[in-house]
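In the numbering used here, the protein residues as written are 211 to 447.
A couple of the hints might just be wrong.
Stated by the list, open to error - Under the rule of at most 27 Å between Cα atoms (straight-line distance), these lysine-lysine pairs were calculated in the DSSO-like manner:
no. : residue 1 : residue 2
1   : 247       : 230
2   : 230       : 401
3   : 267       : 358
4   : 358       : 272
5   : 267       : 230
6   : 230       : 272
Claimed, not checked - Quick list of the computed label-pair ranges, beta carbon to beta carbon:
no. : residue 1 : residue 2 : range
7   : 314       : 375       : 22 to 28 Å
8   : 314       : 255       : 42 to 48 Å
9   : 305       : 383       : 38 to 44 Å
10  : 302       : 243       : 51 to 57 Å
11  : 242       : 388       : 36 to 42 Å
12  : 305       : 248       : 31 to 37 Å
None of these hints come from the bench; they were simulated from the model.
Beta carbons: idealized from backbone N, C-alpha and C, even for Gly.
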Amino acid sequence: ASVLTIGGENDNRISSRFDKVLTENERIKIIDAFSEKYNNGETVDFEENTVDPGMAKELGIKAIWAVFYAALGLGVYVSLRFEWRFAVVVVITMIHDAFFVITLFSIFRLEVNLPFLAAILTIIGYSINDKIVIFDRIRENLRFAKLKTFADLCELVNRSIRQTMTRSINTVLMVLIAAICLFIFGSEAIKLFSLAMILGLISGVYSSIFIASQIWLLIKNQSLNSKKAAITKEQVN
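The task is simple: from the sequences and hints, build the whole structure.
Right, here's the structure in full:
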């Protein structure tokens with residue numbers, strides 16, 4: 211094997227990775243050798259995963275399409291539920307959260323598999339949920355606000371974030387504690403899934419508080435400036 215990982219004192223697990231796909235005879239020889247040596251009163255279980263370049267490429271393409279469909283669906287929903295500016299923010303921050311986790315996994319050369327893809331989509335869901343709460347409060351505050359200047363708009367966004375910050379942090383903390391427990395006490399099969407969840411939850415709460423509403427603020431300010439310019443032009447005419 212090109213990579214051989216042996217479990218600790220209380221972990222009777224051996225993981226081996228090969229640079230090529232094993233033939234059926236090679237696979238049987240390995241299984242028989244383990245069974246012959248360690249099957250003295252104990253059960254020898256094994257799990258086999260095969261990933262070749264074609265499968266990796268297919269997984270990458272499906273992951274891209276999954277994120278694309280998620281972004282499209284969420285964008286349509288937010289546009290109907292709120293307005294198109296919020297939809298633009300949702301797509302941008304969703305890409306930010308997913309890209310943050312993918313980048314860290316790439317830097318540290320961690321395995322990307324189907325559980326990782328499931329973690330990315332789950333992260334997107336939690337992240338969007340946080341942002342929807344803040345957007346809903348912004349929309350409620352807009353109903354009673356008289357926006358004349360950029361400072362008025364800033365004050366409205368800051369007030370909305372303060373009103374929902376406790377809820378956002380508490381929600382993410384509860385899920386984060388569960389993800390950390392899964393990472394520490396869970397099996398090897400879900401460790402990378404848990405790690406991706408931990409990183410994604412941290413990125414999601416950060417983008418919800420410090421990125422999403424601020425991008426909406428800039429886009430909304432452009433529309434205020436356009437209205438002011440139109441009013442000024444009418445007055446001049």
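We went through each hint and held it up to the structure:
| no. | hint | result |
| --- | --- | --- |
| 1 | 247 / 230 | holds, 25 Å |
| 2 | 230 / 401 | holds, 25 Å |
| 3 | 267 / 358 | violated, 52 Å |
| 4 | 358 / 272 | violated, 46 Å |
| 5 | 267 / 230 | holds, 16 Å |
| 6 | 230 / 272 | holds, 23 Å |
| 7 | 314 / 375: 22 to 28 Å | holds, 25 Å |
| 8 | 314 / 255: 42 to 48 Å | violated, 32 Å |
| 9 | 305 / 383: 38 to 44 Å | violated, 24 Å |
| 10 | 302 / 243: 51 to 57 Å | holds, 53 Å |
| 11 | 242 / 388: 36 to 42 Å | holds, 41 Å |
| 12 | 305 / 248: 31 to 37 Å | violated, 47 Å |
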